[in-house]
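Colleague: Here is how the chains run, residue by residue.
Protein chains: 2
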Amino acid sequence: MDVFDNLRYCFAMAASTLITLAGPVACCAPVRSDALDEAQAEGLARSFAALADPVRLRLLSFVTSSAGEVCACDLVEPSGRSQPTVSHHMKILVDAGLVAREKRGLWVWYRAVPAQLDALRSVLG
Amino acid sequence: MDVFDNLRYCFAMAASTLITLAGPVACCAPVRSDALDEAQAEGLARSFAALADPVRLRLLSFVTSSAGEVCACDLVEPSGRSQPTVSHHMKILVDAGLVAREKRGLWVWYRAVPAQLDALRSVLG
DNA sequence: TGCATACATCGACGAACGTCAATGTGACGT
DNA sequence: ACGTCACATTGACGTTCGTCGATGTATGCA
Numbered sequence: 001m002d003v004f005d006n007l008r009y010c011f012a013m014a015a016s017t018l019i020t021l022a023g024p025v026a027c028c029a030p031v032r033s034d035a036l037d038e039a040q041a042e043g044l045a046r047s048f049a050a051l052a053d054p055v056r057l058r059l060l061s062f063v064t065s066s067a068g069e070v071c072a073c074d075l076v077e078p079s080g081r082s083q084p085t086v087s088h089h090m091k092i093l094v095d096a097g098l099v100a101r102e103k104r105g106l107w108v109w110y111r112a113v114p115a116q117l118d119a120l121r122s123v124l125g
Numbered sequence: 126m127d128v129f130d131n132l133r134y135c136f137a138m139a140a141s142t143l144i145t146l147a148g149p150v151a152c153c154a155p156v157r158s159d160a161l162d163e164a165q166a167e168g169l170a171r172s173f174a175a176l177a178d179p180v181r182l183r184l185l186s187f188v189t190s191s192a193g194e195v196c197a198c199d200l201v202e203p204s205g206r207s208q209p210t211v212s213h214h215m216k217i218l219v220d221a222g223l224v225a226r227e228k229r230g231l232w233v234w235y236r237a238v239p240a241q242l243d244a245l246r247s248v249l250g
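Protein sequence lines correspond, in order, to chains A and B. No gaps in the numbering here: position 117 of the first sequence is 117 in our numbering, and each next residue is one more. Add 125 to a position in the second sequence, counting from 1, and you land on the number used in our numbering.
Derived by calculation from the structure, the hints in this document are not laboratory data. Worth double-checking, as some hints may not be accurate.
If the Cβ cut is set under 10 Å, some of the chain B residues that face chain A in the computed set are [claimed, not checked]: (1) Ala-160; (2) Leu-161; (3) Glu-163; (4) Ala-174; (5) Ala-175; (6) Asp-178; (7) Pro-203; (8) Val-219; (9) Ala-225; (10) Pro-239.
Glycine residues also receive a C-beta, built at the ideal position from the N, C-alpha and C atoms.
Take the sequences, apply the hints, and build the full model.
Modeller: Structure below.
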């Protein structure tokens, strides 16, 4: 299919639409300038991928619904996964910038990063 | 590690924190009731997974940034993927409820579903 | 110095994903 | 009926992901 075929079909569609129902004709203006470019999409996809796992979503909700901070030791049992698996998932959340990690003594404490959550939310609206 | 070990460490942490800095002690209240359960997390993860691919994000942006509707034939070239691949990705977006599909004659038209985008956005706040 | 603890990393496994060529399906126009 | 077109489905391939046992790292205590 080349661009001339495309144009021909668009005109045919527009004509038939006008004749039959006068419905919306959005064809022939396929891509607007405010669409995501490949680089933006790559970065955003990486962030959304951090939310694309049920275990990580629950871990994140444990962090966001807590009063400020949560100890890593309190995430293993409620998540129902092994300690290495929880550590793996928390690293993904931290790398995505959704959660901040702070080591104090033997323990690691996590807290949410509202700015990053806001950033992702703004993409959906 | 059992629950008694956990309690012992929490008390030790609380004590040392009070002695040294009187910092926040969020331990011993690990899981709040407003955390996601497994079923909710499963469904949300499936929706976010639809956004976890750069090609799908761009396809979605083509739809949302258009004036109402976009023809499937106008998605192949700007996405830079083959026609079967675009069809595959659009099916995932439709199954996730983010995009609505309507066949008119030979063509298929897509439009965004704002309600579903709102639902996902509310999870992040 | 030596041991115990909390968490991270490694290695391996099966499952799910993204991709495209080939083919199938359904709707036009002649 | 036939050919053509738009789009979906299939099948196969390599890649990435989630998971856990085993092991590594670093901190605290005696």
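Colleague: All hints are to be evaluated individually against the structure, with a verdict given for each.
Modeller: Tested hints:
Taking 10 Å as the C-beta cut-off, the interface hint given for Ala-160/B holds, the closest approach to chain A being about 4 Å. Using the Cβ-Cβ criterion of 10 Å, the hint placing Leu-161/B at the interface with chain A is satisfied: the shortest such distance is roughly 4 Å. For Glu-163/B, the suggested interface contact is upheld, since its CB lies about 7 Å from the closest CB of chain A, less than 10 Å. Proximity of Ala-174/B to chain A holds as hinted, the smallest CB-CB distance being about 4 Å (cut-off 10 Å).
The interface hint given for Ala-175/B is met, as the beta carbon of that residue sits about 8 Å from the closest beta carbon of chain A, less than 10 Å. Annotation: interface hint on Asp-178/B holds; nearest CB of chain A at approximately 5 Å, less than 10 Å. Interface hint status for Pro-203/B: upheld, as the beta-carbon distance to the closest one in chain A is roughly 5 Å, under 10 Å. Interface hint status for Val-219/B: violated, as the beta-carbon distance to the closest one in chain A is roughly 17 Å, over 10 Å.
Given the 10 Å rule on beta carbons, the hint for Ala-225/B is violated: about 14 Å separates it from the nearest Cβ of chain A. Taken as an interface hint, Pro-239/B checks out: its beta carbon lies about 9 Å from the nearest beta carbon of chain A, inside 10 Å.
Checked against the numbered hints above, the structure breaks hints 8, 9 and satisfies the rest.
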